[in-house]
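Protein chains: 2
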Amino acid sequence: VRVSIGDDAAVLAGDEKPSAISVDAAVEGVHFDRAWLSLRAVGERAISAALSDLAAMGSRPRCAVVALILPDALLDAELYELVDGIAEAQARYVCPIAGGNLARGRELSITTTVIGAQNGRPLLRSGAKAGDGLYVTGTLGEAALGLIALQQGNTALAPRAVERWRSPRARIAEGLALAASPHASAAIDVSDGLMQDLAHVCEASGVGCMLDASALPVPAEAHAATALAASMLQLALAGGEDYELLFAAREPVEGVAATRIGTFRREPGIALHDGHGRPLSLEVAPGFDHFGRTAEK
Amino acid sequence: VRVSIGDDAAVLAGDEKPSAISVDAAVEGVHFDRAWLSLRAVGERAISAALSDLAAMGSRPRCAVVALILPDALLDAELYELVDGIAEAQARYVCPIAGGNLARGRELSITTTVIGAQNGRPLLRSGAKAGDGLYVTGTLGEAALGLIALQQGNTALAPRAVERWRSPRARIAEGLALAASPHASAAIDVSDGLMQDLAHVCEASGVGCMLDASALPVPAEAHAATALAASMLQLALAGGEDYELLFAAREPVEGVAATRIGTFRREPGIALHDGHGRPLSLEVAPGFDHFGRTAEK
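For the protein sequence lines, the chains are U and V, in the order given.
Quick note, in our numbering, the first sequence goes up one by one and the last residue is 298.
Quick note, in our numbering, the second sequence goes up one by one and the last residue is 298.
In isolation and in its complexed conformation, chain U is listed as follows (with noise of 0.2 angstroms):
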């Protein structure tokens, strides 16, 4: 074992080409909620989440086991939708379902282990050095965005959003062109939101980070964020399950569209600034606190 927990994925030495391995978890009434996600969602979802830690190390997928816990009261017909979710995603990321168990219990739970093969070093959560730049693929708090829309009955507001929040998608691509990239230093997957990802990255790098406010790629709908009372900085600071990758890098690196959204520094911590370089309070920014998101890292 060459990289052992701690990453997001473990790396094993000693193949031709180095595995990397990591496991994910969802489970009923903590992860999901059948009311917002049909199971064929819910499958396809296990596979993307469990796949994003591959692709924040520069995996490419081999395969994956799926262990299933599983109410009695479940249908059959609900077992099969929510294997085909899972057919669904395996064909997406051909990534083939090698193995799995089924399990009787009182909660549903989905925990997926995947197993990736290593073409270049991997993707550490601590290679970022000062002055490297910060940079995000995609956009930042669309998912959170979408679980709000849903949890207010109001998915029309932000049609695009709920859906991002449905049917993540792992940016395996992005993660291998970082990964055979001479300026990429250090990855991660926006899976705990923003400023818990990007802590993780300072703290197993030794360093800090100023994050541009202004710069944050948010979604086409951010607009509907007032209309459902949150702030979509917030949303973008704070939402998780957007699964993109946040990287540190010496200079854009090609193949991979993303946003420069700060610069790493030698001073600890993270400090935000307005793109004016005013800094604002993370403190006192409303809701901040208030997503109750456990880290499951």
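By construction, these hints were calculated from the structure, which means they are not laboratory data.
If you're wondering where the values come from, they're calculated on a predicted model, not measured in any experiment.
Heads up, the beta-carbon is just placed ideally off N, CA and C, and yes, glycines get one too.
Some clues are possibly wrong.
Only part of the chain V face toward chain U is listed, based on derived beta-carbon distances under 7 angstroms [claimed, not checked]: (1) 11; (2) 22; (3) 26; (4) 112; (5) 273; (6) 274.
Fit chain V to the supplied structure of chain U, relying on the hints for placement.
What follows is chain V alone, placed relative to chain U:
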């Protein structure tokens, strides 16, 4: 993926040495009860049960990843106890825990994915041939005897069997020796009970089996079965969780202590005889249908 769902583990091609991968879950109230098992034993047992599937493939353990679903009511001290048991198994099997995941849930469960290196060819369920002998390591029915003693609150009658149920051992060394032998043709671990696991081998191999009831290796405390209102023969035939290796071989395999308990044959199905060629009926045997175990392979 060279061998997929339907064997004890999946085998991945493409590495210098193929990898074997398997996943197993233990759910509180379904697979264990804290009244009978310390959390330390729960953790240790989860790793042993998962590694038993690698043993049945003839794989050497490389690493494991463990996903825990933890109820809010679980105390920190209880979590540490569980982790201690996992660590103990990690040391015993020289199988590093390479990664993990913690999630909240209402029901405690441990899902263990194990990765092994395949030095020789994998031992499949499908290789048994008519004429091969059927062998089993260790004893059969001991774990079931221990479980009954626990259920009846009479552990003093069969203390070794209780310990065997609480703390099973994966037969890693035996599996490696079998995979290295030219004589062994198929293997499975006895997790669901002899009859059920033998049926898996027969079905996968397209053969039947003649089983000698008088040859079944019963535990030293077999005499306690009567006092516990159980039949030792039934426990040996249908009791699960022994985690012994059941294998087919043309002749005894050097270095693997095992008992020959039958012979594979062309006629499908499993027939039982009493050692003098007199058939025994499985259907009328008391208790056989009342174990209520569900197949989880």
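Going down the list of hints, with the structure as the test:
no., hint, in the structure
1, 11, "holds, 4 angstroms"
2, 22, "holds, 6 angstroms"
3, 26, "holds, 4 angstroms"
4, 112, "holds, 4 angstroms"
5, 273, "violated, 29 angstroms"
6, 274, "violated, 34 angstroms"
Hints 5 and 6 from the list above are not met by this structure, while the remaining hints are.
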